[in-house]
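Top line first, the protein sequences correspond to chains A and B.
Count the first sequence with our numbering and you get residues 1 to 163, in order.
Count the second sequence with our numbering and you get residues 164 to 326, in order.
Be a bit skeptical, because a hint or two may be false.
Capping the alpha-carbon separation at 27 Å, the derived lysine-lysine pairs in BS3-like fashion look like this [to be verified]:
| hint | chain 1 | residue 1 | chain 2 | residue 2 |
| --- | --- | --- | --- | --- |
| 1 | A | K123 | A | K54 |
| 2 | B | K293 | A | K123 |
| 3 | B | K217 | B | K293 |
| 4 | B | K293 | B | K235 |
| 5 | A | K18 | A | K117 |
| 6 | B | K232 | B | K293 |
| 7 | B | K181 | B | K198 |
| 8 | A | K130 | B | K243 |
| 9 | B | K286 | A | K130 |
| 10 | B | K291 | A | K117 |
| 11 | A | K160 | B | K293 |
| 12 | B | K291 | B | K280 |
| 13 | A | K130 | B | K323 |
| 14 | A | K160 | B | K323 |
| 15 | A | K117 | B | K243 |
| 16 | B | K280 | A | K130 |
| 17 | B | K198 | A | K80 |
| 18 | B | K181 | A | K128 |
| 19 | B | K280 | A | K69 |
| 20 | A | K117 | A | K105 |
| 21 | A | K117 | B | K293 |
| 22 | B | K268 | A | K123 |
| 23 | A | K105 | B | K235 |
Keep in mind the hints are simulated off the structure, nothing from the lab.
Predicted model, so just to flag it, every value in this text is computed and none were measured.
This is what each chain is made of:
2 protein chains.
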Amino acid sequence: MLFTDHEALMNLALEEAKEGITNNEGGPFGAIIVKEGSNGEAIIVARAHNQVLKDNDSTSHGEMNAIRKACKALNTFNLKGCELYTTGIPCPMCFGAICWSNIDKVYYGCNLEDTEKIGFGDKLFFEKIKQSKKYEDNFIEISRDRCLDLYQDYLDIHGKADY
Amino acid sequence: MLFTDHEALMNLALEEAKEGITNNEGGPFGAIIVKEGSNGEAIIVARAHNQVLKDNDSTSHGEMNAIRKACKALNTFNLKGCELYTTGIPCPMCFGAICWSNIDKVYYGCNLEDTEKIGFGDKLFFEKIKQSKKYEDNFIEISRDRCLDLYQDYLDIHGKADY
């Protein structure tokens with residue numbers, strides 16, 4: 001864990017979120033990504049907020065935008081060593097992005113119930129995953145054999161990058 | 164459900180995926196988004212593939228890229244009425260994006276176990292969500308009161324867009 005001032009970093013996430021709602025860019029969600037500098041200090045790598053309305057893009061969440069900016073700033077898809085601050089606990093999409101990018105730790109403000117109360121579906125989406133029968137309802141398997149052939153083609157590529 | 168040729172659409176997803184792995188852009192994952200045209204035919208709204216390596220961006224999955232393109236093409240964050248074809252069942256990130264964008268149905272080729280066998284963490288990430296204790300391990304709640312104030316500020320905005 002980075003030795004840092006959690007409240008100060010959450011303040012920045014709050015500032016981001018407030019900018020977003022003031023300008024009607026999306027929901028009240030701001031995110032900050034930090035990593036440890038050479039003297040042990042926290043370096044801010046990315047700051048972003050929800051811009052679903054501004055961008056007309058359902059994937060434009062605060063955490064997603066911060067992760068994409070951090071990948072660009074550090075020129076890597078691997079954010080190992082980074083920590084993320086966010087005003088609301090990540091939804092499944094952002095949780096997945098945090099997993100894929102190897103972010104070490106997440107500090108969040110509001111929990112799933114808080115976010116549900118202001119009209120967002122995060123909790124419902126997690127429940128869909130946990131009740132896997134429901135998750136499958138509108139997910140239909142087709143052409144598995146041909147897709148398995150594709151996977152085999154992928155495995156057979158020699159010297160591919162480590163991913 | 165759209166009345167359409169599922170195999171033909173999966174073929175396009177496979178083509179996308181093959182283009183991606185041939186050029187070492189990322190994993191073997193292609194995605195197609197379709198919607199119903201005025202004569203009941205399937206109109207291709209977006210096609211994309213995994214470009215995590217090419218973009219150096221952990222969020223650049225086939226489904227994510229297809230959703231972002233579809234939002235842009237249709238000029239909306241709401242993809243209600245659209246269906247998605249993908250060579251591998253969506254990970255939690257892409258599942259979340261599918262939920263947020265209101266995509267009606269998903270046709271996938273390979274399942275989670277298939278994708279695990281070629282070295283990707285999708286199944287593990289779903290298990291982290293299902294075992295919520297583990298999900299919480301590196302997620303830490305801080306500053307909830309101030310973030311709740313932010314949520315209240317959001318609720319208090321009059322005339323905000325419906326989101």
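For K268 of chain B and K123 of chain A, compute the direct alpha-carbon distance and say whether it is at most 27 Å. Distance ~20 Å between K268 of chain B and K123 of chain A Cα, so the pair holds.
If you draw a straight line from the CA of K217 of chain B to the CA of K293 of chain B, is it 27 Å or shorter? violated, 31 Å
When you check the alpha-carbon spacing of K232 of chain B and K293 of chain B, does it fall within 27 Å? violated, 30 Å
Are the Cα positions of K117 of chain A and K293 of chain B separated by 27 Å at most? holds, 22 Å
Measure nothing beyond the straight line between the CA atoms of K280 of chain B and K69 of chain A; if it is 27 Å or shorter, mark the hint as holding. This hinted pair is violated, its Cα atoms lying about 31 Å apart.
Taking only the CA atoms, is the gap from K160 of chain A to K293 of chain B under or equal to 27 Å? At roughly 32 Å apart (the allowed maximum being 27 Å), K293 of chain B and K160 of chain A break the hint.
Keeping to a limit of 27 Å between CA atoms, is the pair of K291 of chain B and K280 of chain B held or broken? OK: K291 of chain B and K280 of chain B at ~18 Å, within 27 Å.
Decide if the proposed pair is consistent with the structure: K293 of chain B and K123 of chain A, CA atoms, cutoff 27 Å inclusive. holds, 13 Å
Distance restraint between K181 of chain B and K198 of chain B, which requires alpha-carbon spacing of 27 Å or less: With Cα atoms ~23 Å apart, K181 of chain B and K198 of chain B stay inside 27 Å; holds.
K105 of chain A and K235 of chain B were given as a pair; does the straight-line alpha-carbon distance stay at or below 27 Å? Violated - the C-alpha atoms of K235 of chain B and K105 of chain A are around 32 Å apart, more than 27 Å.
Quickly compare the C-alpha distance for K117 of chain A and K105 of chain A to 27 Å and report which way the hint goes. Given pair K117 of chain A, K105 of chain A holds - Cα atoms ~25 Å apart, limit 27 Å.
Does the alpha-carbon distance linking K293 of chain B and K235 of chain B stay inside the 27 Å limit? Violated, because 33 Å separates the two Cα atoms, which is more than 27 Å.
In summary, the structure is inconsistent with hints 3, 4, 6, 11, 13, 14, 17, 18, 19, 23 from the numbered list given earlier, while agreeing with the others.
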